[in-house]
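J.: Residue numbers (my numbering), protein chains in the order written: chain A, 1 to 108; chain B, 1001 to 1108; chain C, 2001 to 2108.
Worth flagging that the hints you see were computed from the coordinates, not collected in a lab. Keep in mind that this is a model prediction, so the values were computed, not measured. Note that beta-carbon positions come from the ideal geometry of N, C-alpha and C, so glycine has one too. There's no promise every hint is true.
Rough simulated footprint, nothing fancy, chain B against chain C, three-plus residues with beta-carbon under 8 Å [what the hints assert, rightly or not]:
{"id": "1", "segment": "2018-2029"}
{"id": "2", "segment": "2055-2067"}
One side only, chain B facing chain C, incomplete, derived with CB under 10 Å [unchecked claim]:
{"id": "3", "residue": "L1003"}
{"id": "4", "residue": "T1028"}
{"id": "5", "residue": "L1030"}
{"id": "6", "residue": "S1031"}
{"id": "7", "residue": "Y1086"}
{"id": "8", "residue": "M1088"}
{"id": "9", "residue": "V1090"}
{"id": "10", "residue": "G1094"}
{"id": "11", "residue": "D1101"}
{"id": "12", "residue": "Q1104"}
{"id": "13", "residue": "R1107"}
{"id": "14", "residue": "V1108"}
To give a feel for the contact side, a few chain A residues facing chain B, derived at Cβ under 10 Å [said to hold, decoys possible]:
{"id": "15", "residue": "M1"}
{"id": "16", "residue": "L3"}
{"id": "17", "residue": "R26"}
{"id": "18", "residue": "T28"}
{"id": "19", "residue": "L30"}
{"id": "20", "residue": "T43"}
{"id": "21", "residue": "L45"}
{"id": "22", "residue": "G47"}
{"id": "23", "residue": "V90"}
{"id": "24", "residue": "V102"}
{"id": "25", "residue": "Q104"}
{"id": "26", "residue": "Y105"}
{"id": "27", "residue": "V108"}
Residue-level listing of the chains:
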Amino acid sequence: MKLIIAIVQDQDVVTLIDELTEKNFRVTKLSSTGGFLKSGNTTLLIGVENEKTQEVLKVIEYSCKTREITTSLLTMSMPGESYIPYPMQVKIGGATVFVVDVEQYIRV
Amino acid sequence: MKLIIAIVQDQDVVTLIDELTEKNFRVTKLSSTGGFLKSGNTTLLIGVENEKTQEVLKVIEYSCKTREITTSLLTMSMPGESYIPYPMQVKIGGATVFVVDVEQYIRV
Amino acid sequence: MKLIIAIVQDQDVVTLIDELTEKNFRVTKLSSTGGFLKSGNTTLLIGVENEKTQEVLKVIEYSCKTREITTSLLTMSMPGESYIPYPMQVKIGGATVFVVDVEQYIRV
Ligand code: NI
Ligand code: NI
Ligand code: NI
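Sequences and hints are given; from them, build the entire structure.
T.: Printed below as a string of structure tokens:
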């Protein structure tokens, strides 16, 4: 048994929990925040049989991988008080994952 | 030294912390929630000397074991707008527990 | 790679995260509370290369060590309804730290 501790960005949490639950992995969600100025994140605890560890890591990679998106939600101020949408590349997602050995596992 | 990570149902947290504290075990409580549609739970961190691990696991089992209770709080709607109490068996409790080896432990 | 799980008093969290971030360590903050009647604390997760473990532990010791302070914020009630400031030695700070081995570490 391994314990996977995954720190993921808030915007990927729903997708990731959905994907893991579909595959019958059990997930516990802890409230967490990054250090200063970092956007919100969530820490997930996932207990998993040794031989399924890589499968869980693949699901995390698939659901949370850092990717660039083009956003047009930002606006740029122009002289004369008009605003135009300003397309911009931003990076979202990303996860930090620790796999720890579990010496004993019980459910009561 | 071991670190016991116990995910327990909210309704058992007060009893469990009381029992562990009485026996001089130190408990840290993390806010946590289960995946979708699961009732509230709490994750506890318990640092323990190797030889006391099984004692803590027994306290967790005693305080959190899945059990059936008969509830009469539910009501059933009847024709004519009367309600009668409806006794029902429901399962409560349960805990998932991971024991992890601690390589180094310090208190400052 | 090691995972350092540090339970620190709330009043030391900002200083500790500042010190660790300055040294390029990455910190994740979990909401936590102690057992009954204990003041607020916070649990930090810090992933660290093996050879930097002792450096992180030194930063934690430096930022969180239990120390005595003299407070004059407390007041003592006197006959005739006057109050005088009452200097008092109180202990603050302190941390409990677990170092756990990480079998696999990925960032996606
Ligand atoms: Ni899906
Ligand atoms: Ni008791
Ligand atoms: Ni500094």
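J.: The structure should be examined with respect to each hint, and the outcome stated for every one.
T.: These are the hints, each one checked on the structure:
no. : hint      : verdict
1   : 2018-2029 : violated (count 0)
2   : 2055-2067 : holds (count 6)
3   : L1003     : holds (5 Å)
4   : T1028     : holds (5 Å)
5   : L1030     : holds (5 Å)
6   : S1031     : holds (5 Å)
7   : Y1086     : violated (36 Å)
8   : M1088     : violated (33 Å)
9   : V1090     : violated (28 Å)
10  : G1094     : violated (21 Å)
11  : D1101     : holds (7 Å)
12  : Q1104     : holds (4 Å)
13  : R1107     : holds (5 Å)
14  : V1108     : holds (4 Å)
15  : M1        : holds (7 Å)
16  : L3        : holds (5 Å)
17  : R26       : holds (7 Å)
18  : T28       : holds (5 Å)
19  : L30       : holds (5 Å)
20  : T43       : holds (9 Å)
21  : L45       : holds (7 Å)
22  : G47       : holds (6 Å)
23  : V90       : violated (28 Å)
24  : V102      : holds (5 Å)
25  : Q104      : holds (4 Å)
26  : Y105      : holds (6 Å)
27  : V108      : holds (4 Å)
The earlier numbered hints that this structure contradicts are 1, 7, 8, 9, 10 and 23.
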